[in-house]
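J.: The chain contents come next:
2 protein chains.
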Amino acid sequence: MSTLQETIHQMGRQARAAAYQLAQLTSDEKNAILRAMAGAIRERVPELLGANDLDLAAGVEKGLSAAMLDRLRLDATRIEAMAAGIDQVATLPDPVGRIMEAWTRPNGMRIEQVRVPIGTIGIIYESRPNVTADAAVLCFKTGNATILRGGSEAIHSNRAIAAALGTAGAPEHAIQLIPFTDRESVAALAQMDRWLDLIIPRGGKGLIETVVSLARMPVIKHYDGICHLFVDRAADPAMAVSLTVDAKTQKCGVCNALETLLVHRDVAAGLLPQVAAALRAKNVELRGCEATRAVLTDVIPATEADWTTEYLDLILSIKVVASLDEAVAHINTHGSHHTDTIVTADTAAAERFLREVDSACVFHNVSNRFADGGEFGFGAEIGISTDKLHARGPMGLRELTSYQYRVRGNGQTKGPVQR
Amino acid sequence: MSTLQETIHQMGRQARAAAYQLAQLTSDEKNAILRAMAGAIRERVPELLGANDLDLAAGVEKGLSAAMLDRLRLDATRIEAMAAGIDQVATLPDPVGRIMEAWTRPNGMRIEQVRVPIGTIGIIYESRPNVTADAAVLCFKTGNATILRGGSEAIHSNRAIAAALGTAGAPEHAIQLIPFTDRESVAALAQMDRWLDLIIPRGGKGLIETVVSLARMPVIKHYDGICHLFVDRAADPAMAVSLTVDAKTQKCGVCNALETLLVHRDVAAGLLPQVAAALRAKNVELRGCEATRAVLTDVIPATEADWTTEYLDLILSIKVVASLDEAVAHINTHGSHHTDTIVTADTAAAERFLREVDSACVFHNVSNRFADGGEFGFGAEIGISTDKLHARGPMGLRELTSYQYRVRGNGQTKGPVQR
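Respectively, the protein sequence lines represent chains A and B.
Residue numbers for the first sequence follow the working numbering, so the first one is 1 and each next one is one higher.
Residue numbers for the second sequence follow the working numbering, so the first one is 1 and each next one is one higher.
So here's chain A without its partners, still in its complex pose (with noise of 0.2 Å):
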């Protein structure tokens, strides 16, 4: 072994150890702890805004893009929403010993599904210094011990971040970060099964990819949102623009915004000049296909690529189609399985869409933005998993769970009979 991958394996079995003691503390424990790391990050704000320059200047000297730097950026109010964002989520209930299930056996057994922590959780992202604090207090509430992994341009706030919430009186190695920012400590991380339960990556489709390919442990993987609206020909036409317009523009470089509009061809002449006005009005570039293009004649032509393209971007493209089967099997094939809505007033053939689309969250007459932790009322969120085991769509508090069968009995033995 390196010595990286020592190092990195020194963690995990400190991991394992605060784990054991964490899934033993009170909900009212956990909650104080956490109100001591929002104290302790806003004692800290020099330290912080400090340790934050550090990067800029780097990031300045490398290069790096306004946008990348602005992701960086640490100011007293961001400082101050990490603060409140760990006093909110001590607000929340504990899933953790909730019991999900319960019932009695015919021999007198009784056995309860409870929910636990899940163990150890590696987070391994980018450059948002931020999601130091956010990931590994989510775990925290939920009893698990974290091994964070962040970008090289946001190590000296990562450290002044994990450093004050080391402060709070959390048990030691509950929040652990890696010293290392090169791709061989992810590389480490990933073939830790002993040691780690879960990884979740936080970032862009290269990182997961990786993430993927080397893990040997479960992975909660974020992909893309393509995300579709279909028009129905029943779809009142005032509601279908506005719910297009929303999903499109309301903020458009997130996974649940909008990315292809489908409208049935028997509405298509009448609404696509209506929605296309809208859109224009907010400055979205259109892209269609023929029979749109018969329609709108001044729209680009959409391409193949089009249709598996999330653009994140104030671009929208746009298909008509033959029938309801049409767009579901359209959105099935060429979506990512993320959020999609269908705009009608006829209750069949939404829950027919409802029923056929194989996605995380199926909408009907709702904005897809409206795929989110919060506006599901989760209180927290940390993703949203294009998953389909353990956790699918947005994953609160709970999906940070596991459980295991307690079973009390009075000395219940299965039988004489040896087979």
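Warning: the hint list may mix true and false statements.
No copy labels: a pair is met if it fits in one copy or bridges any two.
Taking lysine-lysine pairs in the DSS-like style, the calculated list, with each CA pair at most 27 Å apart, reads [as the list claims (entries may be wrong)]:
no.	residue 1	residue 2
1	LYS205	LYS251
2	LYS251	LYS414
3	LYS62	LYS205
Derived by calculation from the structure, the hints in this document are not laboratory data.
Since we're looking at a predicted model, the values are computed, not measured.
Starting from the known structure of chain A, fit chain B onto it as the hints suggest.
T.: For chain B alone, coordinates are given in the frame of chain A:
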């Protein structure tokens, strides 16, 4: 791509298409097909026996052990058991479509979390041909398409079983058997994350390790059971003896059988002779720590390796511990987090044990052998997961499902602000 990879990718595409059809079948439709599958198995007994004869003859030629040949063998009784198992799955409640939770948000959106099939599942297994039917049928009941990759020794039997299942009216490609049995086919399947949502390896540790290291999609693992029973100082001695004998000897070659007995030192001198006598009457070989051997002088010394060995045989390691804390620490450190039991009349000690032992199943005054989907009342079991994500412990039909969020509204938009 090689021909093998192309064939397997083609099967993947077909499985995905079949999965969309399967997801739309009603429970009644699926149950009717299941009963037809059972009927097809019963009608084809001669074909199945003939195919099995080819495998057995090849196995004899290859010099397979008697135990291997027994695992491979089909006879009228085993074929009827396979058919009866399918009929029984038809009678179980279908988890698909079940509403897990439903709530209304302040803006009027109604959110439902609904169980849906996972989609496409790969099953990689070894010599038992009945897995072809057992696994495929549980996946079918839950609306999943399966791609089966069985071992080379059972290829004729597997083909005959898959062919029989294929006559029952299921959607085309709902159950597919890979025609290759070499290792390259495992790699091709494990890398195909576009078409396969989950892999379940059913077999020995070597097979699971191979799949884990190759797989890009989630894997549900069924690793060892290094199961413990801890006799607390407040244990009823007769119950302690009875549960130990049951857990060790009722069936010793299975993952929920007892492998290590822990005894509180305050009761070791009185209890160990009784336990030893009862176990020796069942021909169990005992291996003990120093303190055990101070009481049972003729016991073989246990080495460090004994604490981490799954014997799957009539062998038991015994360790005397100073406290409940030491018992919990030993189990969490040396066990496999499968199923661990405390025997005690002290409720506080029992509750601490259930809370602090980090295993899928934690039992109080119940034999470890009850860690089983059937004994839990699940009606069917695809295995016992040693993972913490998605499914932990005995896995029934419910654990073969995912979920999606279905949201219904009346035009809700997120808001006018573009941030």
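J.: For which of the previously enumerated hints does the structure constitute a violation, in increasing order of number?
T.: Hints that this structure does not satisfy do not exist here, as all of them hold.
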